[in-house]
Each structure stands twice: as C-alpha cells, then as structure tokens.
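Peer 1: Please model the complete structure; the sequences and the hints are all you need to start from.
Okay, here's what each chain looks like letter by letter:
Number of protein chains: 2
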Amino acid sequence: MERLVVIGGDATGMSAASQARRLKGPEDLEIVAFERSHFTSYSACGIPYWVGGDVDDRDALIARTPEEHRARAIDLRTRTEVTELDLAGQRVRSRDLESGAESWTAYDKLVIATGARPVRPRLPGIDAPGVHGVQNLEDGQTLLDTLAAARGRRAVVVGAGYIGVEMAEALLKHGFEVTVVNRGEQPMATLDPDMGRLVHEAMDGLGITTVNDAEVTKILTAPDGRVRAVATEEAEYPADVVVLGMGVEPETKLARAAGLPLGVYGGLLTDLAMRVRGYGNVWAGGDCVEVLDLVSGRERHVPLGTHANKHGQVIGAGVGGGYATFPGVVGTAVSKVCDLEIARTGLRERDALDVGLRFVTVTVESTSRAGYYPQAAPMTVKMLAELRTGRLLGVQIVGREGAAKRVDIAAVALTAGMTVERMTALDLGYAPPFSPVWDPVLVAARKATAAVRKAEG
Amino acid sequence: MERLVVIGGDATGMSAASQARRLKGPEDLEIVAFERSHFTSYSACGIPYWVGGDVDDRDALIARTPEEHRARAIDLRTRTEVTELDLAGQRVRSRDLESGAESWTAYDKLVIATGARPVRPRLPGIDAPGVHGVQNLEDGQTLLDTLAAARGRRAVVVGAGYIGVEMAEALLKHGFEVTVVNRGEQPMATLDPDMGRLVHEAMDGLGITTVNDAEVTKILTAPDGRVRAVATEEAEYPADVVVLGMGVEPETKLARAAGLPLGVYGGLLTDLAMRVRGYGNVWAGGDCVEVLDLVSGRERHVPLGTHANKHGQVIGAGVGGGYATFPGVVGTAVSKVCDLEIARTGLRERDALDVGLRFVTVTVESTSRAGYYPQAAPMTVKMLAELRTGRLLGVQIVGREGAAKRVDIAAVALTAGMTVERMTALDLGYAPPFSPVWDPVLVAARKATAAVRKAEG
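Protein chains in written order, with UniProt numbering: chain U, 1 to 457; chain W, 1 to 457.
Treat the hints with care, since some could be wrong.
Copies of the same chain look alike in the list, so a pair counts if it works inside one copy or between any two.
Said to hold, decoys possible - Dumping the calculated BS3-like pairs for lysine-lysine here, alpha-carbon to alpha-carbon at most 25 Å:
1) Lys447 with Lys24
2) Lys454 with Lys24
3) Lys24 with Lys253
4) Lys173 with Lys454
Keep in mind the hints are simulated off the structure, nothing from the lab. Being a predicted model, the structure only gives us computed values, none of them experimental.
Peer 2: See below:
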C-alpha cells in the first residue's frame, strides 16, 4: 500500500486528493492531508463578496468540508502544520496546533499545495487592531466584526489590485468612505496605465477616492492602540479600518528549506505534469508554484483559484496513475468594481517589451450590445499585436455589463497563437441583445490588423 | 476611370461600396449601387426587437441612410431593381420602380449582394391580410400597424427558428396569446432535439404554446378576407395575426439566370476573396452566398448580418485593390426568448453524421457565476467531440443571463481545431461574479475528454 501525503487542504491539495481517491481506492492508496486552518476547499476569491454582503453565509464559500473529505477515505488533519520536509527520508514533520505535539509521517508520493501568503510589509503599526488582511475565512470574519463595531465610517484600502478594488466595493457597501492608497501609476497594475486610468475614473464616479503613486510609510494608531490613519510620505489618510490588499507571494518556506527548485518569484518550478522539476514523486500546484506564460515563454506567479483547481486535477491524475498536463497560462483575469468590469489576458506593453517583443497597440470604444438595443453599455478594448507576424499578444477590456467575459475570446486566440488578421474573421455569436454586428473584439482586431500593416509599410 | 456596380444596398453591398470608396477616391472609381427598397444598411436582425418595443424607433435600425452614402460619392439608386445580368457584356439592366423606366449600366467590377428571401410556401390563404413576414423594415411597420388594430389577442407564429422564437417574444410583449406552430421535433432546429426540448420547456414557462411536428396546410380566413386561423393536418389554431418565420433562402434568381455557379442550397459559390468562382471581376457576399463550414468542410447557407458585414469588408478590399479573405464560418449563432439564452456553434449530431464523423456527446449542467454568488443562473452545455482525435466538433448552450456569449470560447476553439482535452486547460476569465471556478465550458470539455478516452478504451 502506498501513502500519499498532501500539504495544504485548499483547492489544489484537496482536488488532488479527491481525484487520486477516484482513481485509487483506500486498499491501494492511503491519503493523509495536512491543513493548518479549520477549513478546507473554500473559495478565497469569494471573500470580498461575503464581506460586501453579496454572499450571506460564510459556509457558502466552502465547497467541501473536512467531514466530507474524511467520508471519502482521506485522512485529513486540520489545525496541523507541516514544519519540515525530509525529501531524502521521504517523510514530513507536522505539529498539531492544538496540542503542540509533533510527529513524522512517511510518504511514497508528496503533494505540496501550501498556497500563498499576503504581502505584509514590516510597517510601523501594521499589526494594530483595525488593520486587516483578507486571505482566509478567519480574516473575513474578523473584518466583518470590525466593520460592525467601527467607531467611524472611514476606510483605507492599501493596494489597488484585484483584492484592493474588490474590497473597496465591499467597504462602500458597508457605507464607508473609501480611500484606496496605491503605489502604482494607476489602479489595476495588471492593466497598462492608460486602461488603469479608466478604472480610476470609474472609481471616482463611484465615490471611491484613489491616491496613486503613494507608498504607505506607516500606520498611525490612537492612544488605545487602534488604527487611526494611514500615512504616506505626502499625507495622512484617516481610517477607522484599514484593509491590506497588496498582493500575495508563494508560500514556499518549507520547499526552500528542503532545497526544492524555486523561480524568480519564489514559486516552485514544476514540469507539465505538475511534478517538481527533478523529482518524480513530488508534485506541487496552486498559489505556491510558478506557471509557464505561453505568450512570453517565461514563468510567472499567477495566484488564481481557477489554476489551483486545474493543478489539483492534473496532480490527482498523476498520483492516481493517470495522465494529464497543465500546459500553462495566457494570463487571463477578470474582476469588477460595482458595475465596472475589468479584464485582461496576455501581455501588457511592459511585459512585451521585457521579453523583447515589438508590437502595435490599438484601443477601440464599442458597446456590449447593438447600439440601438436597450442597455447597450460602453466598452473599451485595447489590443496588442506583434509587429511583422501580427500575432495577438494581449487584450485588456474595461466596460460595463457584458465586457469582462469577452476576454475569453482573446484567451483562446492567444492559446492558439492566432494572428489579429485571422481574428477579424472569427465567427462570434451575434444578435442585437448580445453584441453589435461587429463584436468589440473584432473591431479591435480589424484596427490592429491595419496597424500591423501600416507599421510594416 | 473604372465603374463598380453594386446590386443590393444592405450590409454586404454598402459595406463593400464604402470600403472600396475608402481605398479609391471618386477620381479612380465610380460606384453605382442599386437598391429595391427605400432603405440602406439597416439591421434586419433588429426588427423583432423593434416590433417587440425594446427598440423605440425604426430609424435606430438604420446604420447609414441613402443620403449618407450619397454624401460619400456613391451613386445610390433606391427603389431601383436590377432585372438582368449580362456578364458577357459587363452590364446590368435595372428598372426604376417608381417610373418603370429601364436602362443598362456597364460595369468593370460587379458586386452581387441580393440577400435572401423568406420561405413562403404557396399555402391557401397565405396572402390574406393579417399574415406577415418580417424580412425588412416595411414588413416590420405593417406588422406593427396590424398589431395595433388587431381584433383579438391571439397570434400564431409559423416556424420555431431564430425569427420564430424572437417574434414569439415580441408578440408576447404586445399582450398576445402566442402559439408557435413548428414542423420540427422541437423548437430551434439549429440545436439537437435534446437541447431544443429545453427551449420548448422554457417557452412553456413563458406562456408560449409550442406545437411540434406540425406542418401548416392552410391559412383560414374570415368572411372579410382577414386571417382567422392556421390549420395543420391535425388541428386549427385561431389567429388574429400570423407571423411567418420559416427561414430564408438565397435570393439568386438573377445569378441563376446569368449562369453563375450555385451550391446545393441555391447560394452563390465564391472563393476566399469572395469572388464568384471562375469570375475575376464579380464578387458576391451576404445572404445570397454559401459559405464554407470550417468544421464539416461543406458549404452551408448561413444568413447572418455578422457574416454579411464581413463579406462586405472583404469585397470592398478586393475591389479597392487591397487584400482580405473570408476563411469561412464555424456556425455560431446566439438568440434569446425573453430571458432564455440560446447558443450554438459547430456541428449538431446530424451534421457530424452527415459528413461521416464519429463522435461522443456530453451534456453538463452548471451556472453562469459561482454557485454562491447572487443571480448565478443555470446553464446547460452540450459538447460534441470527435472519436479518437478528441477534436471539438460543436457546442450548444441553453441558459439564462451570461449563457449565450460563452459559445464564443468554443467558436474560437473550433477555428483553431482544438481538442477538448486542450480545452480543459484553457485560461478563461474567472471571478465569482463571472463564472464558477470551473467555467461551464471547461466542465463540458473535461467530461468530453473522459468520454473520448472511454470510447477508445
């Protein structure tokens, strides 16, 4: 009988465990999974919507409870932290966080799914009551408690990425005056600044104040120790509550200590079957790994639940004796702030420059439906195409209802290595309630085709 | 100076003329365009929404008026019908429908964009007052007048394709009791019957009665000559108004008489540059041509504004000395009945069988957003994949908000010849307001991948 040990009980770890269990019964494979928290298999991406009140119940975010996993013959040990990997000895050391007891568990196959940890700079005051991360379910509940008890209605969000803008919306829904303090030139640094500016303007329109090019230097506290303001070099922003949304980095402390291969972003490096490079019996996936960006050919760190789940499936297949691969990503992401939809895929201008690509960019304004149809909503589409070849390099979309998921068209086209000229003839769904007769993505592709030709001429 | 003659002043004809004009000024190219009606460049696809009251104003459907075209140095002759093509003599004969005067116009280059005509079987009573087609703007206005003056509130729609179901919705909005009489096994014969059944059930839920497997044998009239009922072999359906939605066929009478090559559906056959096959100076596009189906390798007749506009662009480029092609279609179409969204792309089961393909089918139920997110709406996705190769062959979707445009993912994947296994790893936009962590299309692709493997094993 073989034993599989899984470190981390969230999307990747438990998907891998479940998939392996489907392929191999308890008579062939023992599965032990370690999870630090009380929870398994929950949607961290859903936390902003739970905090904002769109989702009533924390438990709705839990796809599968520890009990459900145990009922499938997975020996799941919650509140248990793995503290050491002994690769030569094929064993892991773990500590029961309740009792403090430590023990070693041997494995034949190992899955590392330790996720990511929030970036949390060592600023003065950052641990003050009223300063919150929103990484896990405990964080969400603590924040909700703080919001209910807050003395005033001023909130500062530090960071203007996905979590930052989603939390700005959530705080707005709680009736807070929201200021987002952003170190970048514009919110949503995953977009080019010209597209980020559209997000900034829309946030202004929603009553969210965004301060760009602002580095937080400290968190100021009141005499009782609670947060009272966020300070940058230029100014102070009064705050009854502070939410940190400064991104995450791979949680690979164990892996690093064990000498496993890490990339430039600190994530584990794997092969296409999600095995740690150079190791036949160690898999890794989810927010603790780097993934191949199929457009740039470089590894990136893309912490997203959708990849984590795919990794879990691929790992589970491999562990269970099946075959599956994860070919890489094209960098698709969608988000929203109230009714503003934001989407991107592929390379930004700076990404393309970084890998030596030369390109044209075009930006078009269109609508989500036929212009004459009710609720036709404006949409801006930016497209990058490689010089000479005309290959699609990236798309960014900012708009209203119906804007964001259009990025999937570009995501598939990028995967297929399509040129923008070929895209102009794509047979996309058209009817007045769904699209103008020229879909906005087609309009951008036409304009990009012309720009590539002109740049050549 | 060359002269371009364009027959037909709607999407293809006027797009071609406009694009040619952009490439060549009036000093190089004279453009004469003939149009039978008063109108140019209007959205026929918008007529059901105008009749239904979603769009207030007929003129909103007109993208560019005859005056606007004339202001761009296009000699546009409305209410003028072309009655003969003399290909050997490079001239067309036309008749002024007001004065009856006929004349010949010589051309150097010719564009045939004569569109489609509604199928209108020679049934007794079909020309009775109260029986309406909805092919053009005049039809829409006449129908609106009839609806306003109708003696009762019973409407029968003959045909349950796109126009049929869209008109059923429009009539419902006018407070009519609507019966759809459908010769097929289920509504929406562009779907497989198992998916059409979902449309049927949803139409039931909306209060639209659908009678399947019913062939109309005659239209019954009242003593004053107005329609009073629609009869099939089995039954009579009382009707104060009847709308015909039995599809369209290519309008190629002129082309046929001139000996131009037609396909099995009666549409003109062209090359990739939209030149009529065998003719260097005659182009054709829009609803009067057949297009290559890239999935089956066969020609099909796909009368859709989105193709017509693309054809116009390609033809205009060719006429103007540029270069563009229309590679073909994959058969994408989207529609809705009230809040039910319907989409399809690629091959149905019978299409695949017709061309000798063997395949697996899978059907999955999912939601448009994360299950815990408000307004997560149910969605059914059916997917066909080829045996052995696993190549995607087709997708059909029936659901609510957010369902239909997901078909674009499959449309691009079909264009790229992707396998369903490759599709399982597609990097599609994920966030709880936009998609479950496994997009419904990915769930279908996973299930299809497993089905292909199982069928091989």
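Peer 1: Look at each hint and say if it fits the structure.
Peer 2: A quick look at each hint next to the structure:
1. Taking identical chains as interchangeable, the C-alpha atoms of Lys447 and Lys24 lie at most 25 Å apart only when they sit on different chains, with a minimum of 19 Å there against 53 Å within one chain.
2. Proximity of Lys454 and Lys24 under a CA criterion of 25 Å is satisfied inter-copy only: 17 Å between copies versus 58 Å inside one chain copy.
3. Neither within a single protomer nor between protomers do Lys24 and Lys253 lie at most 25 Å apart by alpha-carbon distance, with minima of 31 Å and 66 Å respectively.
4. For the identical chains of this complex, Lys173 and Lys454 are neighbours neither inside a copy (48 Å) nor across copies (49 Å), given an alpha-carbon limit of 25 Å.
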